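Numbering-wise, the working numbering puts 659 at position 128 of the sequence shown, and it's gapless, one number per residue.
These are calculated hints, taken from the structure and not from any lab test.
Note that the structure is predicted; figures quoted are calculated from it, not measured.
Glycine included, C-beta positions come from ideal geometry on N, C-alpha and C.
Heads up, a few of these hints could be off.
[Unchecked claim] Across the chosen pairs, the derived CB separations fall in these ranges:
| # | residue 1 | residue 2 | range |
| --- | --- | --- | --- |
| 1 | L581 | L549 | 42 to 50 Å |
| 2 | S668 | D636 | 44 to 52 Å |
| 3 | L565 | I589 | 36 to 44 Å |
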Amino acid sequence: GIQNSLSKVKRPGTQESLIDEKKLASIVSLTDFLSRVVTQRMQKAAIRDLLNHEEAIINITDALKDYATLNYRSWLKDEKREIIVLRKSLKDTAKTEPLASNYLDTLLLTEEKQIEARDKLVDTFVNAVDKLQKSHSELLKNFNTIDAKDLVTHLIDYKNEVSKLRKQMSEAF
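Construct the entire structure; sequences and hints are all you get.
Structure (structure tokens):
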């Protein structure tokens with residue numbers, strides 16, 4: 532790197548290094564430090580820029596939450612109502628076709644349990660959205676006062692909230 536390159540520079544007309552090894556080591560140490568600081572500041576600035584899109588993130592996650600609670604949950608309720616109608620119909624045919632009626636009733640029970648599980652996933656999804664929004668808001672609010680180590684911890688927590696939300700979306704829908 533830079534140390535190797537600078538060590539090859541010689542004083543004019545001699546084989547003596549222009550910069551002695553002790554001075555060269557201090558120069559390299561400074562350039563490494565400055566490089567690290569600049570990189571950290573650029574990363575922190577990029578993270579801050581991302582966090583400053585809080586309104587967009589809230590709008591997107593609220594839209595997903597609305598879809599889950601209004602559309603998807605309504606569809607699940609429609610499915611539950613259909614099961615009730617089908618079950619009443621099965622009771623009428625149970626006298627003439629008991630085996631078929633029992634079999635279909637078992638299928639309806641399985642479907643009903645799946646719908647209940649999906650309905651619970653909607654609640655879990657909504658909670659995950661709320662946690663993500665809260666985590667984002669807290670991170671943005673405290674961003675400038677958090678030291679580097681705590682910032683990394685908060686960012687990992689935030690990443691985990693995003694991962695949980697993605698998982699909830701895939702499970703719920």
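Numbered hints the structure breaks, given as an ascending list: Of the numbered hints given earlier, the structure breaks none, since each of them holds.
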